[in-house]
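Novice: Chain by chain, the residues:
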Amino acid sequence: MNNTWTVIRFTFMNKVKTKSFLVTTLIFAILLSVGINLPYLIQLFTGDGDSGSKAAERIGLVYGQQQELATELETSWGQLTTNYELIPYETEDQQLLSQDMDNGLIEGYLKFEEQEGGLFPAVVYTAGEDRMELELQSNLQAALQIIKTRSIAQGLNLTEAQITEINTPVQIESRSLDAGNAGDAEGEGAFPGSSAEAMDYVLVYALVILFFFTLMSTGNMIASEVTTEKSSRIMEILITSVSPLSQMFGKVIGMLLLGLFQILSFGVVVAINLMLPHNIEVLKDLNLDISAIDPALLILGLVFYILGYFLYAVLYAAVGSIISRTEDLGQAIMPLTMVSLVAFYIAIFSLSTPNSTLLKVSSFIPFTSPTTILVRVGLGDVPMWEVAASLVILIVSILAFGWLSAKIYRTGVLLYGKRPSFKELMKAMKAYKM
Amino acid sequence: MLRLQLEDVVKIYADKTAVNRISLEVEEGEIYGLLGANGAGKTTTMRMVLGLIYPDEGKILYNGKPYNKELRRLMGYLPEERGLYPKVKVSEQITYLGQLRGMSAKEADKSLKYWLEKFEVPDYYDKKIEELSKGNQQKMGFIAAVIHNPQILILDEAFSGLDPVNVELLKSTVKELRDNGASILFSTHRMEHVEELCRNITILHRSNTVVKGNLKEIKSRYPREEVVLGTEGEVQGLDKLSGVTEVTRTEGGYLIRISELEAAQSILNTAMSQSVIHKFEVKEPTLNQIFIKAVGESNE
Numbered sequence: 000m001n002n003t004w005t006v007i008r009f010t011f012m013n014k015v016k017t018k019s020f021l022v023t024t025l026i027f028a029i030l031l032s033v034g035i036n037l038p039y040l041i042q043l044f045t046g047d048g049d050s051g052s053k054a055a056e057r058i059g060l061v062y063g064q065q066q067e068l069a070t071e072l073e074t075s076w077g078q079l080t081t082n083y084e085l086i087p088y089e090t091e092d093q094q095l096l097s098q099d100m101d102n103g104l105i106e107g108y109l110k111f112e113e114q115e116g117g118l119f120p121a122v123v124y125t126a127g128e129d130r131m132e133l134e135l136q137s138n139l140q141a142a143l144q145i146i147k148t149r150s151i152a153q154g155l156n157l158t159e160a161q162i163t164e165i166n167t168p169v170q171i172e173s174r175s176l177d178a179g180n181a182g183d184a185e186g187e188g189a190f191p192g193s194s195a196e197a198m199d200y201v202l203v204y205a206l207v208i209l210f211f212f213t214l215m216s217t218g219n220m221i222a223s224e225v226t227t228e229k230s231s232r233i234m235e236i237l238i239t240s241v242s243p244l245s246q247m248f249g250k251v252i253g254m255l256l257l258g259l260f261q262i263l264s265f266g267v268v269v270a271i272n273l274m275l276p277h278n279i280e281v282l283k284d285l286n287l288d289i290s291a292i293d294p295a296l297l298i299l300g301l302v303f304y305i306l307g308y309f310l311y312a313v314l315y316a317a318v319g320s321i322i323s324r325t326e327d328l329g330q331a332i333m334p335l336t337m338v339s340l341v342a343f344y345i346a347i348f349s350l351s352t353p354n355s356t357l358l359k360v361s362s363f364i365p366f367t368s369p370t371t372i373l374v375r376v377g378l379g380d381v382p383m384w385e386v387a388a389s390l391v392i393l394i395v396s397i398l399a400f401g402w403l404s405a406k407i408y409r410t411g412v413l414l415y416g417k418r419p420s421f422k423e424l425m426k427a428m429k430a431y432k433m
Numbered sequence: 000m001l002r003l004q005l006e007d008v009v010k011i012y013a014d015k016t017a018v019n020r021i022s023l024e025v026e027e028g029e030i031y032g033l034l035g036a037n038g039a040g041k042t043t044t045m046r047m048v049l050g051l052i053y054p055d056e057g058k059i060l061y062n063g064k065p066y067n068k069e070l071r072r073l074m075g076y077l078p079e080e081r082g083l084y085p086k087v088k089v090s091e092q093i094t095y096l097g098q099l100r101g102m103s104a105k106e107a108d109k110s111l112k113y114w115l116e117k118f119e120v121p122d123y124y125d126k127k128i129e130e131l132s133k134g135n136q137q138k139m140g141f142i143a144a145v146i147h148n149p150q151i152l153i154l155d156e157a158f159s160g161l162d163p164v165n166v167e168l169l170k171s172t173v174k175e176l177r178d179n180g181a182s183i184l185f186s187t188h189r190m191e192h193v194e195e196l197c198r199n200i201t202i203l204h205r206s207n208t209v210v211k212g213n214l215k216e217i218k219s220r221y222p223r224e225e226v227v228l229g230t231e232g233e234v235q236g237l238d239k240l241s242g243v244t245e246v247t248r249t250e251g252g253y254l255i256r257i258s259e260l261e262a263a264q265s266i267l268n269t270a271m272s273q274s275v276i277h278k279f280e281v282k283e284p285t286l287n288q289i290f291i292k293a294v295g296e297s298n299e
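Protein sequences, first through last, are from chains A and B. First residue of the first sequence? That's 0 in numbering that gives the first Met the number 0, and the numbers climb one at a time after it. First residue of the second sequence? That's 0 in numbering that gives the first Met the number 0, and the numbers climb one at a time after it.
These are computed hints drawn from the structure, not numbers from a lab. Backbone N, C-alpha and C define an ideal beta-carbon position, used for all residues, glycine too. Take these hints with a grain of salt, some might be off.
Stretch by stretch, here's where chain B covers chain A in the computed footprint (C-beta under 8 Å, at least three residues) [to be verified]:
1) 223 to 234
2) 239 to 246
Computed Cβ-Cβ distance ranges for the label pairs, DEER-style [stated by the list, open to error]:
3) B:LEU60 <-> A:TRP402: 28 to 38 Å
4) B:VAL164 <-> A:THR17: 48 to 58 Å
5) B:LYS68 <-> A:VAL22: 51 to 61 Å
6) A:PHE260 <-> B:LYS117: 35 to 45 Å
7) A:ASP327 <-> B:LYS211: 37 to 47 Å
8) B:ASP178 <-> A:LYS16: 36 to 46 Å
9) B:VAL164 <-> A:VAL395: 58 to 68 Å
10) A:VAL360 <-> B:THR16: 34 to 44 Å
11) B:ASN37 <-> A:ALA331: 26 to 36 Å
Only chain A is shown next, with the shape it has when bound in the complex (with noise of 0.2 Å):
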């Protein structure tokens, strides 16, 4: 126990300190700011005209027949926080509008139109060049919303306090969507899902991307270091003084040290980057909240992102084990690139359909169980004792594949020449006595 700590700390120390893995950290924490950054640089690129930032934008509002109407709106447009401007125009002079529209003065205008048979008019957006903005939509439902109930409401002859009850359903309903994401007041129904839903898709994204990448870097590196110290001949003096099986787990467990320190540092990057003022204000127009963050998914993504590194590092060790040369080393591990690639693929393209059955089934193949159950869990239904099904599967195929690489890393870094076959690797355990 003691010699694969001594093996986990060289191999951690050694491995933070190299030129490699601080450039690759370093590129990817830049790649994630500038990721992060983007959706506000955009904005600054494609803002309106001539304000050119997130200055508040005009919409024109035909008053028209309906100048009750109208006042109502604009009364109840000034309690919305809204970074949208209502500039009265009396009558619907099509010249003037897009005039204005072409002068940039105004995005669009807003106009009621008289339905038949309707109580309410029907409300008619006419944009500019853009089309009408999510945002812009939502205010506006909101606030006519209310108008409309009212309006109905008075031709019953209601008393004040009978419209606020009638509006107070309506109320209920928005506050039961308010509970899941506290701070995002009036950004309901403008993105498809909630915000903690849209948040678990995010999360589980990024955790799928996560594991996909740091094991694919930590694997490699496991394999080729065992190669080097397979070539160097050190194994021949580490073999010696400590069993394979604590240099083993002491290198997998130090490469996840390391790959946990990596992603905690792309974690502070994240953060640093969405707690910038002008982050935070595009997080909430995308409707995104950090505290809508599930911590169970996080802890749940955590858990299989170990478990699932544990039994890819086992085997990138043991085929590190049976290569003598490095330049053999990438053929070799590709099998295990293929199989990783094929658990990211599956879960990245079934994000938007987190309840298939090739989800289902691979979710309970260890070998991409890590990523798909997140997709499962995260974005779909899954039933708890599927979760603690794939769970046992992965941790007993863990332990079956940790043998079965502890027996092959024991045999193969005593083979020295051409790769073993399947044969040879099976003779020499036997004539070795594994």
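Chain A is fixed; fit chain B onto it per the hints.
Specialist: Chain B only, in chain A's frame:
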């Protein structure tokens, strides 16, 4: 008690016997020579002693007991192609290896500094292995093998590829370790090192033990067949003496091969009567000759 004892150890790989019934004993404070051509089974024997692979037959005892985990801390190993991490600092990897052998980081560091000082290369402490010359890499490998002051030290071709100065340095170090009580299993195909260092030897040839025992006894078993003669002037008629098989003229003398020891006396008499003699020696066979002979015989 015997530090290390191999009794009829056999190792069979799938298609061939790598080591066939080898037996040897190493005492405390002894250097044991394991000789043999390439592929004779030296490395396999050493790997079995190290516990890397298990013998198919026979047994290996350490201090009278079979292999156990505690032995890892008592054994040191310098592999033939001495391995160290090329891109890691000397100080980091050697203290690491010391720690794996059960030392504390502090002890290992202290021991490393002692050894670097001894080899007069204290500035290598912060160097990476790949920055060092091959001979110096080997010294670092040697330090890695002895850092924890092992009871049983296994040196596979420890001196190959070293310049004469460094060979002497390592040789004297090995002797020092022996005098401090270490039991050393030493493999080489350079016979002169063995003659200088080892008390007992085993010569392996194609997995079999062909010669085994005390070096002096082995030598006395092989007849003395060479006479070195150094004379002032020429000596005539040496090749006509009975028992002389071959006479070679050398710089300032003769090298004479004889088939029986009595011939030496008559050579001396003949030479004395004709010239002034600087040197006369009936040479005992070199290990090299014994080796070639032993290996040659078993070949036939």
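Novice: State for each hint whether it applies.
Specialist: Tested hints:
| no. | hint | in the structure |
| --- | --- | --- |
| 1 | 223 to 234 | holds (count 6) |
| 2 | 239 to 246 | holds (count 4) |
| 3 | B:LEU60 <-> A:TRP402: 28 to 38 Å | holds, 30 Å |
| 4 | B:VAL164 <-> A:THR17: 48 to 58 Å | violated, 35 Å |
| 5 | B:LYS68 <-> A:VAL22: 51 to 61 Å | violated, 41 Å |
| 6 | A:PHE260 <-> B:LYS117: 35 to 45 Å | holds, 39 Å |
| 7 | A:ASP327 <-> B:LYS211: 37 to 47 Å | holds, 41 Å |
| 8 | B:ASP178 <-> A:LYS16: 36 to 46 Å | holds, 41 Å |
| 9 | B:VAL164 <-> A:VAL395: 58 to 68 Å | holds, 60 Å |
| 10 | A:VAL360 <-> B:THR16: 34 to 44 Å | violated, 51 Å |
| 11 | B:ASN37 <-> A:ALA331: 26 to 36 Å | holds, 29 Å |
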